[in-house]
Amino acid sequence: MWTLIAQIFPYAIAFTIPLLITALGGLFSERSGVVNIGLEGLMVVGSFSAAMVIYSLQPTMSIDIAVWIGLLAAALAGGLFSLLHAFASINLNANQVISGTAINMMAGALTVFLARNVTGSGNIPIVRGLIRRNIPVLSEIPIIGRLFFTGTYATTWLVLVILFIGWFVIYKTSYGLRLRACGEHPHAADSAGVNVYKTRYIAVIISGAFSGLGGGILLVTIAGEFTGSVAGLGFLALASLIFGQWKPLGILGATAFFGIASTIANVSSVIPMLQVIPGVLLKVFPYVVTLIALVAFSKSSQAPKAAGEPYEKGKR
Amino acid sequence: MKLSILNKIPKSLIVSLLAVVFGLLAGALFMLFTGNNPFEGYTYLIRGGTMNIERLGNTLATASPLILTGLSVAFAFRTGLFNIGASGQMLFGGFCATAVALTLSAPKPILLLISVIAAGIGGALWGVVPGLLKSKFNVHEVVSSIMMNWIAYWVIYYAVPTYLKGAFLETESKKISHEASLRVDWLTNLFDGSYINLGLFIGIISVIVIAFILNKTVLGYELKSVGFNRYAAEYAGISVNKNIVLAMMISGALAGLAGAALYIGNASNIQIGILPPQGFDGIAVSLLGSNTPIGVLAAAIFFGLLYSGKGFMNAMTNIPPEIADTIIATIIYFAATSVLIEKGLDRLKKKRRGN
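First to last, the sequence lines map onto chains Y and F. Its first residue numbered 31, the first sequence is counted upward by one per residue in this note's numbering. Its first residue numbered 179, the second sequence is counted upward by one per residue in this note's numbering.
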């Protein structure tokens, strides 16, 4: 049992991290009042950009440096692409769900279109991604050391740091207060001198950058190749956001939960002890749990009140 | 003179046409950007979908599921609901149809009737869940139907290999027999061996039925009232909750029929690991058709042309086939931001009036 847990754990963490950073991006956007169902597409954009950059840099420099430049490019590209969503939903009062859908479709089609012009097949392989490393000293601790500090990716720690900073920004800074105010009652925020448009723009760009980074991390830790899709991880991140009730620590719990469930489902066919649980149950588990959470919290939902509603200055 | 023409055409039509123009322009830019000739590209794209009777048939066949998903999304829109779950409803409906087609043996007309009904019921079942959650617990239908999409994805992912496994591949079901397929000889012969099938007629009949329901029945009136203003509708004595459930059920059933048109019509088996993109394209079809049945029909045929011509274009030029999907996504984006276009139109009209 112990060896089994120790074997699965690194995979579960690796699977959780891209989900976590993407859901955190969604958190910023939705807390500011802009629903972003384009997370999936933004992840695809990030994965594509990272793959493109690493693919073109890998002949000329060390892979380790190329990977980090790739991740930076992923975050930048995600942020840039999310401007489309920001412009539509903040300036043009567009239906945010339709705009998000357009982002998803455009990302899936456009990236493969561009990839085909580069590699011909539409897939972009990279030589290798990040290498798992042991954390010195800490990995010597019994049990915890084996689970958390052995064979970890640097990106895992990066994302956890970002999560902490994100929590700090949202709850402890004036920008965070403004952000939350814009998501709850934009008119009140405006009358208090908050620039709703600017606040929302920043939030949507952050969501794009984080989702792009999520797609990039997925590429360099798990996927190893850009294939034009992230297999619904963006929507899983959206589910985590709801299940975590729009709170940073909530989504940490939710993504870890979903990450473990998905990992068990992925490995259950090769590990006899897990074969008793039907894979389908583990796979639909996150979505069913989210539906149940939606019902359970329907009376006391923590959802930002103004999420999804365009802000019109003159409207009362 | 020009002004009067501009006023006669409905604004929604102008907005749709402009969205298409912008989408095609964006496509042309992408072609240019990747070093291709857009004129050549579009010529081959259109020829690929229309140059002979067989390809014309294929275009109509490609359009058939789009007609139904577009209708599904449009119907929900009219009731003020956003059915982003057409994809999952379609997948589950298609799975039900395939299951019937593979297990039941009966004369062709009866078998087809049962398969198509099964598809409709399957889709309705998948669609009614978000409807119920919305009416009973006020859960937003967009979120719940996204969840339902992925539940369908994984259920089919495991159900097909377990129950309907094909002879060679784990990732697809057995092929359905000619008896169970919506393809019929007279239609295939009429269109020179195209894969056009009865799915087209399911689509056209649905367009007529839905147009009738929306415009000529009490049910349609109630549904539209709920869509315009649910509080006013409630005040007028219309049961909002009942209509929400009903609308999602009918919308789901239409998407389920699209599943039949795709999996036992255009295709002959069901593959796992894919949420049918036609479900999301339905949103584009519906928007472009300004949520009217006849508009949906026209928009679906246009998208059918883009999709069925892209293979030929790819064969004749270096342009990747994904250009068609890119164009469609761009069209949705411009349809979503139609405020911009409408504002522009208003400004144009004012200017003319000023002169």
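Calculated directly from the structure, the hints in this document are not laboratory data. Note that the structure is predicted; figures quoted are calculated from it, not measured. No residue lacks a Cβ here, since even glycine has one placed at the ideal position from N, Cα and C. There could be a bad hint or two in this list.
Claimed, not checked - Here are the computed lysine-lysine pairs in the DSBU-like style, where the Cα-Cα straight-line distance is at most 35 Å:
id : chain 1 : residue 1 : chain 2 : residue 2
1  : F       : 189       : Y       : 329
2  : F       : 189       : F       : 420
3  : F       : 353       : Y       : 343
4  : Y       : 335       : F       : 314
5  : F       : 420       : Y       : 228
6  : F       : 189       : Y       : 228
7  : Y       : 343       : Y       : 329
To be verified - Distance windows between CB atoms, simulated:
id : chain 1 : residue 1 : chain 2 : residue 2 : range
8  : Y       : 306       : F       : 283       : 50 to 60 Å
9  : Y       : 330       : F       : 494       : 55 to 65 Å
10 : Y       : 303       : F       : 281       : 49 to 59 Å
11 : Y       : 178       : F       : 192       : 40 to 50 Å
12 : Y       : 33        : F       : 286       : 54 to 64 Å
13 : F       : 390       : Y       : 155       : 52 to 62 Å
14 : Y       : 303       : F       : 347       : 24 to 34 Å
What the hints assert, rightly or not - Covered by chain Y, per the in silico footprint, the following chain F stretches (three or more residues, Cβ under 8 Å):
id : segment
15 : 324 to 330
16 : 482 to 490
Cross-check of the supplied hints:
1. F:189 <-> Y:329: violated (41 Å)
2. F:189 <-> F:420: The given pair, whose Cα atoms are some 32 Å apart, holds under the 35 Å limit.
3. F:353 <-> Y:343: violated (58 Å)
4. Y:335 <-> F:314: Satisfied, since the Cα-Cα distance of roughly 19 Å is no more than 35 Å.
5. F:420 <-> Y:228: Roughly 41 Å between the alpha carbons, so the hint for residue 420 (chain F) and residue 228 (chain Y) is violated.
6. F:189 <-> Y:228: holds (32 Å)
7. Y:343 <-> Y:329: Distance of about 29 Å is within 35 Å: holds.
8. Y:306 <-> F:283: 50 to 60 Å: Between residue 306 (chain Y) and residue 283 (chain F), where Cβ atoms are some 36 Å apart, the hint is violated.
9. Y:330 <-> F:494: 55 to 65 Å: holds (59 Å)
10. Y:303 <-> F:281: 49 to 59 Å: At roughly 34 Å between Cβ atoms, residue 281 (chain F) and residue 303 (chain Y) fall outside 49 to 59 Å, so the hint is violated.
11. Y:178 <-> F:192: 40 to 50 Å: violated (60 Å)
12. Y:33 <-> F:286: 54 to 64 Å: holds (57 Å)
13. F:390 <-> Y:155: 52 to 62 Å: This hint holds: roughly 54 Å between Cβ atoms.
14. Y:303 <-> F:347: 24 to 34 Å: holds (29 Å)
15. 324 to 330: holds (count 6)
16. 482 to 490: Coverage by chain Y is violated for the segment 482 to 490 of chain F (0 residues, Cβ < 8 Å).
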